[in-house]
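Peer 1: Could you slot chains B and C onto chain A? The hints should help.
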Amino acid sequence: MEDILPVIETKLREAFGEDIISAEMMRDFPVFTVKKDRIIDVVKFLYDEPEMQFRFLTDLCGIHFPDNKGQELGVIYHLHNMRRNWRIRLRIFFPLTDAVVPTLTTVFSAANWMERETYDFFGITFKGHPDLRRILNVDDLGGFPLLKEFPLEDPTRVDKDDKMFGR
Amino acid sequence: MAQAKQKGRMVQQTPPETAEKLEEKEYSILNLGPSHPATHGVFQNILKMDGEIIVDSEPTIGYIHRAFEKLAERRPYNQITPITDRLNYCSSPINNMGWHMTVEKLIEAKIPRRVEYMRVIIMELSRIADHLVCNSVIGVDAGALTGFVYVFEEREKIYEIFESICGARLTTNIGRIGGFERDFTDVTWAKIKKFMKEFPAILKEFEKLLVRNRIFMDRTIGAGSISADRALNYGFTGPNLRAAGVDYDVRVMNPYSGYEDFKFDIPIGTNGDTYDRFMVREHEIWESYSIIQQAIAKIEQMPGKEFKGDVPDFYLPPKEEVYNNMEALIYHFKIVMGETNIPKGEVYHCVEGGNGELGFYLVSDGGRTPYRLHFRRPCFIYYQAYPEMIRGNLLSDAIVTMSSMNVIAGELDA
Amino acid sequence: METQVRDSKIETVGAPAGIEGPGFFATSLDKVVGMARKNSLWPLPFATSCCGIEFMATMAAHYDLGRFGAERLSFSPRQADLLMVMGTIAKKMAPVLQQVYLQMAEPRWVLSMGACASSGGIFDTYSVLQGIDRIMPVDVYVPGCPPRPEQVLDGILKIQELVQNESIRRREGPEYKMLLSKYGIE
Chain A
2 MEDILPVIET
12 KLREAFGEDI
22 ISAEMMRDFP
32 VFTVKKDRII
42 DVVKFLYDEP
52 EMQFRFLTDL
62 CGIHFPDNKG
72 QELGVIYHLH
82 NMRRNWRIRL
92 RIFFPLTDAV
102 VPTLTTVFSA
112 ANWMERETYD
122 FFGITFKGHP
132 DLRRILNVDD
142 LGGFPLLKEF
152 PLEDPTRVDK
162 DDKMFGR
Chain B
332 MAQAKQKGRM
342 VQQTPPETAE
352 KLEEKEYSIL
362 NLGPSHPATH
372 GVFQNILKMD
382 GEIIVDSEPT
392 IGYIHRAFEK
402 LAERRPYNQI
412 TPITDRLNYC
422 SSPINNMGWH
432 MTVEKLIEAK
442 IPRRVEYMRV
452 IIMELSRIAD
462 HLVCNSVIGV
472 DAGALTGFVY
482 VFEEREKIYE
492 IFESICGARL
502 TTNIGRIGGF
512 ERDFTDVTWA
522 KIKKFMKEFP
532 AILKEFEKLL
542 VRNRIFMDRT
552 IGAGSISADR
562 ALNYGFTGPN
572 LRAAGVDYDV
582 RVMNPYSGYE
592 DFKFDIPIGT
602 NGDTYDRFMV
612 REHEIWESYS
622 IIQQAIAKIE
632 QMPGKEFKGD
642 VPDFYLPPKE
652 EVYNNMEALI
662 YHFKIVMGET
672 NIPKGEVYHC
682 VEGGNGELGF
692 YLVSDGGRTP
702 YRLHFRRPCF
712 IYYQAYPEMI
722 RGNLLSDAIV
732 TMSSMNVIAG
742 ELDA
Chain C
512 METQVRDSKI
522 ETVGAPAGIE
532 GPGFFATSLD
542 KVVGMARKNS
552 LWPLPFATSC
562 CGIEFMATMA
572 AHYDLGRFGA
582 ERLSFSPRQA
592 DLLMVMGTIA
602 KKMAPVLQQV
612 YLQMAEPRWV
622 LSMGACASSG
632 GIFDTYSVLQ
642 GIDRIMPVDV
652 YVPGCPPRPE
662 QVLDGILKIQ
672 ELVQNESIRR
682 REGPEYKMLL
692 SKYGIE
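Residue numbers (my numbering), protein chains in the order written: chain A, 2 to 168; chain B, 332 to 745; chain C, 512 to 697.
Only chain A is shown next, with the shape it has when bound in the complex (with noise of 0.2 Å):
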């Protein structure tokens, strides 16, 4: 398998320059953290580029760490090339504050039920989105269940006895 990891990242810099702030390999997959503000504009090149060609959204899915101030949520794209079998991930972080992402669905359908599952669960906002609502959880839950401070279990609960649970 050829190493795609400069192949890839010289065709992004030259386009991108600074835009993209890191790459690297974790594990087999390149990996290439990008500005938050120009992800539409860099996977429509990987998709547009005749030698890119990465034509196949293969997940989009958000993440939190709520460690890294100014840099809490991020969402993941992983995008893959069937021609030539080539399989990269791409990351956007950005803060708690400002968390609205352009939208992928002009480029990808795929992406639209992806997006609602991401804004459902960590409250990123998809400016652009055809229908930005809930799709998994019931309308008013009231929070972001995936953010790392949400409680696993139904705090409502009044049948579990606290001793018997450790707690």
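The hints are simulated quantities; they were obtained by calculation from the structure and are not laboratory data.
Here a beta-carbon is modelled for each residue, glycine too, at the ideal position from N, C-alpha and C.
Take these hints with a grain of salt, some might be off.
[Said to hold, decoys possible] Facing chain C, according to a computed beta carbon distance under 8 Å, are these residues of chain A, among others:
#, residue
1, N138
2, V139
3, D141
4, P146
5, P152
6, L153
7, D155
8, R158
Peer 2: Positioned in the frame of chain A, the structure of chains B and C alone reads:
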């Protein structure tokens, strides 16, 4: 005589002037689900219909959201396997094996070839089980209930094989990180061989019922079709994408667990409609059957009897050693208490599930539970295309399309 | 032509205790109604997740639920006797389930199949209803994850026992009304 005359009666045509007045149509709203005999699982579709033709639809999911991803952040790596069972519960061993392989990728463990071939046998058996359910349920939704009863008997045989290995029929929690808990016993091998001998006859009988059945073909050809471009843009994978004409199979593109040593074909369709999806799954069952045959032959030629790789940090040592050997006792304690050294890092691993590319994105921060675990669930991603697929079709086509897409509610909502 | 009568090993349902005579059979109404009801239950399979697949296996030929009389599945609550809740009920689904229960006509029984329906199961999370007995009265709980088909059949047999021994006036009595009012059902 009177009846024949009635049949020949012409339907009254609308005269031209009233047809213009009818341009402002009223659409009726029909609620399909969440509790519905034909939706296999709980999801709701609100259909806007022009008579019998569907104009638009709005799906609502989340009726069985069990918060797997949040639950996984609380459980150590060994305890996440039962959760992965319940993703695509028709073929839970594939989910289990996929999770084990993800963790093995994170800790960079080496798994012996024999274990990989054993995993292949289990995964292909569960793929057969999954496709059997899907195909027979397409038949049931079109009205053909007989095939369902024939096919479930075969599924019982597969359940017995799983039961002899891990003790459970459906939500198997099969295998361990590193391999299996014990070698396949003689009883298991006998069951597998018996299944292999008897299965082709029953599958041929099932095929005779539906494959060239005029009524079934009329019901399914042209229903819910999608083109290859739209399918790729929607992130389709698995049999649904292959029915649209794209030969993408994770087992071939990113081989795992020894699949590169097997010879098998990838069936593809042309139109991406329900009949193609049905036929692609039929042919995949035959391909899985051939893979299992090859795997059994390969294992029989191997001299060793190993059933696990070397992962001392995750695999509990055998009880005899724990009671007699200090080192094994310490490892046992560390694994159960969660004090093992788990490397930090991110890893994404995908396997070919019954519905397509099932991916696991695991972020580990060195603690005993994952920091973030995200499941790339194929059902969730391709169900988005359902409104587009049924636009302009009749209601009965919509039902058959939904069952041919093999939407499993557990994987949809996670 | 002599026809051979085989010694059949199939047990048919025995007649209840009563007085038999030429052309008549006298027993109490309770017993006859109970016997008729128990051998012709029309279940409503409310299958949400993995337990639904085990239920499909129970209905299939190997474990055949139909031999106990429950052959005709009804998906319309108006025509069903027995609501079988199979699988996890999330909080989003709970109002739908309650709606289905309310639409059933008396007498109705509820069987909760699986750990998730009985108590929330392994999913002790914010989005899962911890047992359907928070929203409706349940008659029989079948534990398991998923329960084996034999356990489901055992649950159905227990329901049949309840059906047989129920008094025909039970549904109008004050205790039943108090039970329903505990769940907010009038």
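Peer 1: Evaluate each hint against the coordinates.
Peer 2: Do the hints match the structure? See the list:
1. Contact between N138 (chain A) and chain C, as hinted, is supported at the beta carbon level, the nearest pair being about 6 Å apart and thus within 8 Å.
2. At a threshold of 8 Å, the smallest CB-CB gap from V139 (chain A) to chain C is about 5 Å, leaving the interface hint in force.
3. Because the closest C-beta pair between D141 (chain A) and chain C is about 10 Å apart, greater than 8 Å, the hint is violated.
4. Hint on P146 (chain A) holds. Least Cβ distance to chain C is approximately 6 Å, under the 8 Å limit.
5. A cut of 8 Å between beta carbons decides the hint on P152 (chain A): the least distance to chain C is about 7 Å, and the hint holds.
6. Proximity of L153 (chain A) to chain C holds as hinted, the smallest CB-CB distance being about 6 Å (cut-off 8 Å).
7. A cut of 8 Å between beta carbons decides the hint on D155 (chain A): the least distance to chain C is about 5 Å, and the hint holds.
8. A distance limit of 8 Å between C-beta atoms decides the matter here; for R158 (chain A) the minimum to chain C is near 7 Å, and the interface restraint holds.
In summary, the one numbered hint that this structure violates is 3.
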